[in-house]
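Novice: Sequence:
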Amino acid sequence: ELDPSRDAITLPLLRAAIAAGKPVLAICRGFQELNVALGGSLHQHVHEIPGRLDHREPQSASSRDVEYAPAHTVQLAADGVLARLTGQASAMVNSLHHQGIDRLAPGLKVEATAPDSQIEAVSMPGAPGFLLGVQWHPEWRWAEDPLSRALFAAFGDALRTAA
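Using this note's numbering, read the sequence shown as starting at 112 and increasing by one per residue.
Please keep in mind that the hints were generated in silico from the structure rather than gathered at the bench. Here the structure is a predicted model, which is why all the values come from computation and not from measurement. Ideal Cβ positions, reconstructed from N, Cα and C, are used throughout, including at glycine. Treat the hints with care, as some may be off.
[Unchecked claim] Label pairs and their in silico Cβ distance ranges:
1) SER116 <-> PRO226: 33 to 43 Å
2) GLY267 <-> ALA200: 18 to 28 Å
3) ASP213 <-> SER116: 19 to 29 Å
Model the full assembly from the supplied sequences, consistent with the hints where possible.
Specialist: What follows is the structure, given as structure tokens:
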């Protein structure tokens, strides 16, 4: 859903946090907002694009565990932050979104892609502080997932360093 009031606050706030070198971890809608705030664009309905997966949450999900269950793999960029943090080349992630990055914002680097080439994670090598964005929800069952643990540990380290 479009939310102009939220966008009027979030987009400038993201730009200000990045400029000030504040650690940023953008998740799901925040990942999309990050891309838009920096000049990128979104596909409004990824599942309607020929050859793309249906990244939306399962319509018949009977519980949160089913809704947030791992849905597809992501290929991590070999030279990326996520691959360095985890030592992994790929990971399983959940998928609960209908929008996705169309045009990547200048300055962002692709960190992970889905099997259909949909961008699933980004970083910003030129940012003055920690910046990662992920399309999935790493907070769900984070303690059971090596990628989520590594992501939150790195963000926590960045927060402590910036304090």
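Novice: The hint says 33 to 43 Å between SER116 and PRO226; measuring C-beta to C-beta, is that right?
Specialist: Holds: the Cβ-Cβ distance is about 35 Å, inside 33 to 43 Å.
Novice: Given the hint of 18 to 28 Å, check if GLY267 and ALA200 actually sit that far apart at their C-beta atoms.
Specialist: holds, 24 Å
Novice: Using the beta carbons of ASP213 and SER116, state whether their distance is inside 19 to 29 Å or not.
Specialist: holds, 23 Å
Going down the numbered hints, you'll see the structure goes against none, and every one checks out.
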